[in-house]
Amino acid sequence: MGGIYIKNKWLPYLLILPTIVMICIFKIYPIIDSVIQGFVSNGSSFTLDNYKHLFADKAFWNSLKVTLKFNIIIIPIQIIVSFIMALFVNVKVRGIEIFRTIFYLPFCISLTISTVIWQMMLNVNNGVVNSMLGVLGLRPVGFLIDKKWALLSIVLISSWRGCAYWMMFILAGLKGIDSAVYESAKIDGSGFFNTLFRITIPLLKNTWLFVLVANTTANFLLFAPMQIATDGGPQGSTNVLMYEAYKSAFKYSNRPRQACLVTILLVIVMLVCFVQNKFMTEKEANK
Amino acid sequence: MKLRKIMALTLVTAMTAGMALTGCGGSGNDSGNDSGSSSSDGGESSGDSVTIKWISQGTGEDGWEGITKPILEAYEEETGVHINAEFYTFNDLFEVIETKSAAGDADFDVMSVDVTYVSKYGSSGYLEPLDQYFNDEEKAKWDDASYQAGVWEDTMYAAPENTSTQELYYNKTLLDQAGIKIPENDADNRLTYEEVADLAKQGLKKLDPDGSQGYIGFDFQQVSRVYQMNMLANSMGGKNISDDGYSLDGVVNTKPWIDAMTWYQKLVDDGIASRGYDADQLGDQFAAGKVLFMIGGTWTPSNMTCDDEVGYTYAPCFEGHEDEVATSTGSWYFGINSKSSNKDAAADFIKYFTLGKGSDMWLEINGDVPSRLDKQEEIANNPDAPEDMKIAAYEAANTAVPRAVTPVFGEYSTALDQAWEDVRNGADVEEALNTAVEQFDAATAAYK
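As you go down the protein sequences, you meet chains A and B in turn.
Note that the working numbering numbers the first sequence so that position 120 is 120, with each residue one more than the last.
To get the working numbering, take the position in the second sequence, counting from 1, and add 1000.
Keep in mind the hints are simulated off the structure, nothing from the lab.
Check each hint, because a few of them may be wrong.
[Stated by the list, open to error] Derived pair list, reagent style DMTMM-like, types lysine to aspartate or glutamate, alpha-carbon separation capped at 25 angstroms:
| # | chain 1 | residue 1 | chain 2 | residue 2 |
| --- | --- | --- | --- | --- |
| 1 | A | Lys147 | B | Asp1269 |
| 2 | B | Lys1141 | B | Asp1441 |
| 3 | A | Lys205 | A | Asp178 |
| 4 | A | Lys148 | B | Asp1208 |
| 5 | A | Lys65 | B | Glu1077 |
| 6 | A | Lys65 | B | Asp1441 |
| 7 | B | Lys1266 | B | Asp1208 |
| 8 | B | Lys1357 | B | Glu1077 |
| 9 | A | Lys147 | B | Glu1431 |
| 10 | A | Lys52 | B | Asp1441 |
| 11 | B | Lys1239 | B | Glu1322 |
| 12 | B | Lys1255 | B | Asp1244 |
| 13 | A | Lys58 | B | Glu1431 |
| 14 | B | Lys1069 | B | Asp1092 |
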């Protein structure tokens, strides 16, 4: 009754071949093509001019600064909030599934729609948030039109939906921790915070690695909320690199510039992920 | 083991990034699919019948999608050619054209082209030259400004659907309630922007002293878009772009622009003009009876959704610049996709819509300013023609300032739209203009 013994050693490779081909065509090829386009001028000749023009462009440096600033703020916020949400919905009480569903619901709404809803709520003239501030006697805040607030508002809009998504991965990680470990800790007199920092967080190592890498990548490439809610403004304060690449491709028809931008973005994302990986691996080795 | 980890990490990163790279290509299509809507369920040729696919802007029954239906039906009835019209939102149309045309897509025949993009689409090879389809006699039927705006480097690429101009519209009902009377004025003795701002301020004081009613005193229908906002700078003698079409330095970082933007910023700071509404929303605010004065296009009265009475007069001028009155102009054009396999039929449809019965119907339905000379004369000589159309015809002929002609209009409008919006939201005027200059000149360096 054992499984089917496969004599042909090539059969497994044959079975995964369609997937490999698809990955090469739809994932690897566009990346290589994009990198090449950044070094090509007038159809075929090799050039560094595309990068030269890009590096001389203040809009590029500003969008790079905004991208880094945005990610430095949003990544820790999303991971910490998602973790707290996952801890909440991991408790064993009757009806907790309802809360899990409610917490996850934002992710079921399309990013475009949720951005438009938040845009209306944060509107300086008649948004519900400013109406509430008015009731409290506070002046209206230009959440999406004030340079001081716009990036933070985008972080809020993105996190409202994003945290629900990352929460599910962390929750899956929490579910994977053997309850016997917690019971032993309890018997040994470990308190909530001691258990949290010495047992839960370390045991989620693999989950952290995935969430960190995927969250970093997703947020570096995010631009829909900026496009819809602020159009990269005010004063370029929400103009991230990915939106600059999008505009280069579809508004300026400047494919080489777009190729340079996404290549730079790819390098940055990979570097950040390598650093994260190294940090996590070293932490493990030190233990 | 370590190498495997690094490989796995690289693959995850690269695959997610790959989604973004390919996603760039997908976005345009997606947005088109999301917001685009077709007026026809069909679209393919069947038997001997011909189907032309036209991509345009203005979704919904109140937009072009709804108001062009009788024209398309009449055309099909007359010629047997079915028009499969696909409508997108204003912004989405540019992305759809860019995505489809850059990919050499042949699945559409006719495209609506905003006048500012004629040179870009023409120089990029997206548009089929129209000189072979329109003879000199036909070309002479449009006013020269409208015809020339469809020409790039001596080649006609697009045919004018109509032109546009700006007037000062006001909500007469609200002004009557506030007891405000518009001073006598005419083409030679216009209201000034300063006077209009003052009247708007008085009106707001009476109608909405604490600001709780959400009234707007004086605003611009296409706020933060160069199409309309540039007329403020033009009205102080400012130019739109350098003569070669590739620079803003010494053009917008100049006194006329600084003065115009400073005046506009004060209008916003004083609470007379709005913040937070975009160009898609401001017209609706006027239509809903929430704006006292608005610079707008000739379609404004027909778009009213409330019962308030609308008044109109000539576009204002600035005090001390009475001889530099400027109004925005230009509108939508028709072009043929250079990859279309139905070019003759497409040209026939364009003629119908720009010179034939379709044009008559369009001008009647939409109330736009005609590009056709016979229709302009008809308005001028007809004592029964609506007064606002007579004003529009006068402005189009006497005060219209063509938009910036540049093959990099995307970069141009991005830089200056943002400058207008930033100034509206409190940015330092000179800093905003210098940023726009740097941004545009850096972007065009690659083309020089």
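Do the hints match the structure? See the list:
With a CA separation close to 16 angstroms, the supplied pair lysine 147 of chain A and aspartate 1269 of chain B stays within the 25 angstroms bound. Annotation: proposed proximity of lysine 1141 of chain B to aspartate 1441 of chain B is violated, straight-line Cα distance about 38 angstroms (limit 25 angstroms). Distance restraint check for lysine 205 of chain A and aspartate 178 of chain A: the Cα-Cα separation of roughly 14 angstroms lies within the 25 angstroms cut-off, and the hinted pair is therefore satisfied. Only pairs whose Cα atoms come within 25 angstroms are accepted, and lysine 148 of chain A paired with aspartate 1208 of chain B is rejected, the gap being roughly 29 angstroms.
For the hint pairing lysine 65 of chain A with glutamate 1077 of chain B, the CA-to-CA distance comes to about 58 angstroms; that exceeds 25 angstroms, so the pair is violated. The straight-line distance between the Cα atoms of lysine 65 of chain A and aspartate 1441 of chain B is roughly 21 angstroms, inside the 25 angstroms bound, and the hint therefore holds. Of the pairs offered as hints, the one joining lysine 1266 of chain B and aspartate 1208 of chain B holds, with about 19 angstroms between alpha carbons and a cut-off of 25 angstroms not exceeded. Distance restraint check for lysine 1357 of chain B and glutamate 1077 of chain B: the Cα-Cα separation of roughly 12 angstroms lies within the 25 angstroms cut-off, and the hinted pair is therefore satisfied.
Taken as a hint, the lysine 147 of chain A and glutamate 1431 of chain B pair is honoured in the structure, with Cα atoms around 14 angstroms apart against an allowance of 25 angstroms. For the hint pairing lysine 52 of chain A with aspartate 1441 of chain B, the CA-to-CA distance comes to about 14 angstroms; that is within 25 angstroms, so the pair holds. For the suggested pair lysine 1239 of chain B and glutamate 1322 of chain B, the alpha carbons sit about 17 angstroms apart, so the restraint of at most 25 angstroms is met. For the proposed pair lysine 1255 of chain B and aspartate 1244 of chain B, the alpha carbon gap of about 21 angstroms is at most 25 angstroms, so the pair holds.
Under the criterion of a C-alpha separation no larger than 25 angstroms, the hint pairing lysine 58 of chain A with glutamate 1431 of chain B is consistent with the structure, at around 14 angstroms. The suggested pairing of lysine 1069 of chain B with aspartate 1092 of chain B holds, with an alpha-carbon distance near 21 angstroms, which does not exceed 25 angstroms.
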